[in-house]
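Participant: Starting from the known structure of chain A, arrange chain B on it as the hints suggest.
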Amino acid sequence: LAKTTQPISMDSYEGQEVNITCSHNNIATNDYITWYQQFPSQGPRFIIQGYKTKVTNEVASLFIPADRKSSTLSLPRVSLSDTAVYYCLVAEGGGADGLTFGKGTHLIIQP
Amino acid sequence: DTAVSQTPKYLVTQMGNDKSIKCEQNLGHDTMYWYKQDSKKFLKIMFSYNNKELIINETVPNRFSPKSPDKAHLNLHINSLELGDSAVYFCASSLFGDFPSSYNEQFFGPGTRLTVL
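Protein chains in written order, with this note's numbering: chain A, 1 to 111; chain B, 1 to 117.
If we strip away everything but chain A, and leave its shape as in the complex, we get (with noise of 0.2 Å):
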């Protein structure tokens, strides 16, 4: 699995737009990227996966360049409530060989 380097934490303010960048300089034709959020005392959850180009959900969008050595998640207007550690990976294929999770990325949102 390709390793991924992202920050170990942000701090951002309610009602901004917080990005957060990873790279993964080695990832394969066939990963897929995508990002995890995990609360204290929680099991992580799924946010967005993208293969290439932009991805848009509910929560977030994923921006991926054409090289794919990077990826940077956006969360629009934050709250306090999206404090918690964000994990970037790439996941081979399917991702049923399971994930990698590094440290993460601790955002913490301010009033």
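Because the hints were derived from the structure by calculation, they are not lab data.
Heads up, some of the hints might be wrong.
In silico DSS-like links for lysine-lysine, alpha-carbon gap of 25 Å or less [as the list claims (entries may be wrong)]:
hint	chain 1	residue 1	chain 2	residue 2
1	A	Lys54	A	Lys69
2	A	Lys103	B	Lys71
3	A	Lys69	B	Lys44
4	B	Lys67	A	Lys103
Covered stretches of chain A (in silico footprint by chain B; criterion: 3 or more residues with CB under 8 Å from a CB of chain B, positions within the stretch not fixed) [as the list claims (entries may be wrong)]:
hint	segment
5	9–22
6	75–83
Ideal Cβ positions, reconstructed from N, Cα and C, are used throughout, including at glycine.
Facilitator: Below, chain B without anything else, positioned relative to chain A:
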């Protein structure tokens, strides 16, 4: 209804004991996983089962033995517990998929916090 459930939520035991953690999913998925999250918050895959067959077995001591009686259940049995086994254990499930199919998101349970004294 809870999609992926684990029991117990907390487990405190002595070194050397044998314990089991149960996991059940009602999502109709055919693939289930066990992950371990240590004190540094690293979350690592331990096992993966597809249709009751083991498909991933990472470098895990053989004291850990997964058991899948059916597609909806994947239990984790741990023999001769050690201090280093203290962690939060997460069960997850997903549909099985291969490229170029879309990535199949994993649904995680609430975790079982194991403390070995």
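Participant: A/Lys69 and B/Lys44 were given as a pair; does the straight-line alpha-carbon distance stay at or below 25 Å?
Facilitator: The hint holds at about 23 Å.
Participant: Between the alpha carbons of A/Lys103 and B/Lys71, is the straight-line distance 25 Å or under?
Facilitator: Violated, at about 31 Å.
Participant: Check the hint pairing A/Lys54 with A/Lys69 against an upper bound of 25 Å on the C-alpha distance.
Facilitator: 14 Å, holds
Participant: With a Cβ-Cβ cutoff of 8 Å, does the segment 9–22 of chain A contain at least three residues near chain B?
Facilitator: violated (count 0)
Participant: Sort out whether A/Lys103 lies within 25 Å of B/Lys67, counting only the CA atoms.
Facilitator: 29 Å, violated
Participant: Residue count check for the segment 75–83 of chain A against chain B: does it reach three with CB-CB under 8 Å?
Facilitator: violated (count 0)
The structure shown violates the earlier hints numbered 2, 4, 5, 6.
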